[in-house]
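Participant: Chains as they are written, first to last, in the numbering used here: chain X, 1 to 378; chain R, 1 to 297.
It is worth saying that the hints were derived from the structure and are not from the lab. Because the structure is a prediction, the values reported are computed rather than measured. Check the hints yourself; a few may be wrong.
To be verified - Some but not every residue of chain X turned toward chain R, in silico, with C-beta under 10 angstroms:
| # | residue |
| --- | --- |
| 1 | P41 |
| 2 | A47 |
| 3 | G209 |
| 4 | E210 |
| 5 | A239 |
Unchecked claim - Taking CB as the label site, the calculated pair distances span:
| # | chain 1 | residue 1 | chain 2 | residue 2 | range |
| --- | --- | --- | --- | --- | --- |
| 6 | X | K125 | R | L95 | 39 to 45 angstroms |
| 7 | X | K125 | R | M268 | 36 to 42 angstroms |
| 8 | X | G343 | R | E133 | 55 to 61 angstroms |
| 9 | X | D99 | R | E178 | 37 to 43 angstroms |
| 10 | R | L272 | X | E354 | 47 to 53 angstroms |
| 11 | X | M191 | R | G99 | 46 to 52 angstroms |
| 12 | R | L111 | X | R222 | 40 to 46 angstroms |
| 13 | X | L196 | R | L95 | 55 to 61 angstroms |
| 14 | X | G343 | R | I2 | 58 to 64 angstroms |
| 15 | X | A123 | R | I76 | 43 to 49 angstroms |
| 16 | X | E354 | R | I2 | 53 to 59 angstroms |
| 17 | R | G130 | X | E354 | 58 to 64 angstroms |
| 18 | X | G343 | R | A107 | 48 to 54 angstroms |
Note that CB positions come from ideal geometry on N, CA and C, so glycine has one too.
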Amino acid sequence: MGICKRSWKLIWVFFLVASLGLWPQVSEAAKQVVKVGLSAPLTGDWAEYGNDFKRAVQMVFDKVNKEGGINSTRLELVVLDSRGDPKEAVLIAEKLVADPEVIAEIGDFSSSCSMAAAPIYEAAKMVQLSPTTSHQDWTKKGEYMFRVVATQGFEGPYNARWAVQELKKRKIATIYINNDWGVDANKYFVMEAKRLGAEVLAEEAFTPGEKDFTAILTKIKRLNPELVYLPTFYADAAAILNQAKRMHFKPVVLANSSLFSQKTIELGGDAVEGILIPANYFSTDPRPGAQRFTKEYRELYGTDPNQFAALAYDAAGLLVEALKRVGVDDRSKVRQGLLEIRGFEGATGPITYEHGRDPAKELVKITIKQGKWVLYQP
Amino acid sequence: MILEQLVNGLTQGAVYALLALGFTMIFGTLRMVTFAHGEVYMIGAYVGFEVIRLISPNFFLALAAALAATALLGIIIEILAFHFLRDAPHSTSLLVTIGVSIVLVNATQLLWGPETLALPHALLDRMDYGEVEIGGVYITYFQVLVMGVTVLLMLILYFFINRTRLGMVIRATAQDYEAAYAMGVNVDLVFMVAFAVGSMLGGVAGVLVGVYYNLFYPTMGGLYGLKAFSAAVVGGLTSLPGAVVSGLMIGVVETFTVELGTSSLRHMVSFLLMILILIFRPSGLFRGKELVRVRGD
Chain X
1 MGICKRSWKL IWVFFLVASL GLWPQVSEAA KQVVKVGLSA PLTGDWAEYG
51 NDFKRAVQMV FDKVNKEGGI NSTRLELVVL DSRGDPKEAV LIAEKLVADP
101 EVIAEIGDFS SSCSMAAAPI YEAAKMVQLS PTTSHQDWTK KGEYMFRVVA
151 TQGFEGPYNA RWAVQELKKR KIATIYINND WGVDANKYFV MEAKRLGAEV
201 LAEEAFTPGE KDFTAILTKI KRLNPELVYL PTFYADAAAI LNQAKRMHFK
251 PVVLANSSLF SQKTIELGGD AVEGILIPAN YFSTDPRPGA QRFTKEYREL
301 YGTDPNQFAA LAYDAAGLLV EALKRVGVDD RSKVRQGLLE IRGFEGATGP
351 ITYEHGRDPA KELVKITIKQ GKWVLYQP
Chain R
1 MILEQLVNGL TQGAVYALLA LGFTMIFGTL RMVTFAHGEV YMIGAYVGFE
51 VIRLISPNFF LALAAALAAT ALLGIIIEIL AFHFLRDAPH STSLLVTIGV
101 SIVLVNATQL LWGPETLALP HALLDRMDYG EVEIGGVYIT YFQVLVMGVT
151 VLLMLILYFF INRTRLGMVI RATAQDYEAA YAMGVNVDLV FMVAFAVGSM
201 LGGVAGVLVG VYYNLFYPTM GGLYGLKAFS AAVVGGLTSL PGAVVSGLMI
251 GVVETFTVEL GTSSLRHMVS FLLMILILIF RPSGLFRGKE LVRVRGD
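Next comes chain X alone, as it looks inside the complex (with noise of 0.2 angstroms):
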C-alpha cells in the first residue's frame, strides 16, 4: 500500500512537471498557425458554389502565407462538407468552435445552414463571415455575423425596379425555392415591385429537391404574365425553364444573382437564353478589384471565377486584413476588426462595415446572349 501511494505521488509530480515543460511549446505552436473553418456544400445539389467557395479562399491564405502570414503566422484553411444541409452546419459549427485554434469561420453558403450555425458561433463569439447568405435577418441573430454579399432586402427590391420601372413589365408572377433564402428574396422583390404599382398574378413557392414543375407552369401561362421572377438556384432554374419551353411558353426571365454560374447554361441549353440577372461580380466589370482577382484565379485555375468565388474571395480578403488590425491571439476581437475596415477594395466592389453588418453593394446587369453571360445593355 505504501509503495502505491508513493509511486502514485511520483506520478502525479511527473504530470505536474511535464504539464508545465510542455505548457510555453502549446502556446508557441498555437503562434506559428491559426486556423479559419470553412463550412460550405462540397457535395449534393450546391456542391459548386461549395468548391466555388473552397479555391477561391485558399488562393488569399496561399498567398498570405506565401508573403510571410499574419504577423509569421501561418493560416491554414479547415474545410468542412455542410452538404447544404442545416444539421450538418450546426455539427460543423461545433466542431469548429470547440477547437481553440480556430479564430474565425467562412460560410455557409445557404442562408438557411449559416441561420441554423449562427447561435454557436454567436455564444462563441467567433465571427461568422458568409461570402453569400443574403438572408435579411441572418446579421439579427447576433453580433457576430457578417456578409459580403448584398442582402435579399437590397436584391429584391433592385430587380422589382428593373423589371418595373427600367422593363416597364406590369404583370409579373413568381416561382421560388421554399428555403430560407427563396421566401425572402420573394417576398422582398413582390413588396417593391407592388409599391411601383405591378400587378403579382401568382407566387408560387416549391419544395427543395423538386424537379417537376410543369403543374405550377401551366398554372402561370394560363394567367399570361409579362415577366417571371425566379428566385432560385441554377438546377431549378434550368429544369423551369426546359420546361416552360416544352409547353412553348416563353415569358421575359428575371432572376437572382444565385443563377450566375456556366451551369445555368450548361444545364438551360437555349431554354435560359435572354434571362436576365444581377450580379456581384463580373469578369468584365472595369473596376480594379474585380480585375485583379479575375487575373490571379485565371492564373492561378485556367479558368474564369464566378460571382460565388468572388464572394468568397473578398470573404477571405477582409478576414486577412481584420486579422492584420488585431492579431490572431483572440478570436473574439476578430469583429472589431472587421468593424474597422474602410473601403475594402474587393473583387465585388468596395466594402465598409460602416452601418452594420450588411455592406451596401454596386451590383451589375447581365444576361445570357448566344449561351454567353454578358453584360446587359438595355
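Place chain R on chain X using the hints.
Facilitator: Coordinates of chain R only, in the frame set by chain X:
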C-alpha cells in the same frame, strides 16, 4: 387546361407507378421491402445518360443498357441483402438495403461528381421528341412514351406472373418458399429473378425521368423512392394494378393540388391522402391477389 394538368399529373404519376411496380414485384415475391429501389432508379438514369452521351442519342439503346445494368444491380443487392440473410429477422435485410442505397449514392458522387448533370442540348435536339397540339395544349411524344411504357410494362408483368410457367413458380415461391423448395423449385434463382425484374422496372423509370427532365444527380432517387414506396403500400403492396393506380393517383392529386392551391402543398396533400386511405383501408386499395392467391396474412 384540365387536360393539360391531367397529362402533367399522369406523366408524373406514371413514374411513381413504374417504381411502385418494382417494389410490388420484390415485396410480392420475397416479402421484403428494399430501400435501395430509389437508388437503383438513379443508377438506371446515369447508365442511360452515359449511353446517350457517349454512344448514341438513341433512347431505346439507353433503355436497354439501363435494363441490363439494373438487372445486374438487382441481383447483387439480392445476394447481399437477402440471400445470405434469408433466415435473419426482416429488419436486418432492411438495414442492408438502406446501407446499399447510401453506398450507391456516394459511389455515384465519386464517379460522376456531386453536381447536377444534363445531356448536351444539341444531343437532346437530335433525339427530337416531337409533340402534338390539342387546342393550345402541347403534349410531347415523350410524355406519351412515359405513360405508355408504364401501362405496357404493367400488362407484360401481369401476363408474366399469371400466365407463364416462371410466373407460376414465382407465385408458388411467394406463397411458401420452403414448400416450393421441397417441390424442387430453385428458390434462389426465383428470388434472384424477382429482384432483377423489380430492379429493371426501377431502371426504366430512371431513364425515362432522367431524359424527360434532363437532370441527373446522385440524390435523385430519394423523394421518388419514398413516393413510390408509399404508392406501393397504398396499392396493397402485392397488387400490380394497385401499384399503378395509386402511383397515377398520387401524380394527379399532386398536380391538381398545385392547380387549385399552391405548389408548396403538393407533397403534404399527397401524403395526407395516403394516410387517410391507409386509415380506412389498412391493407391498401387493392388487396393484392394475383401474386399470392391464397395466403393467410
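Participant: Among the hints numbered above, which are violated by the structure, and what are their numbers in rising order?
Facilitator: 9
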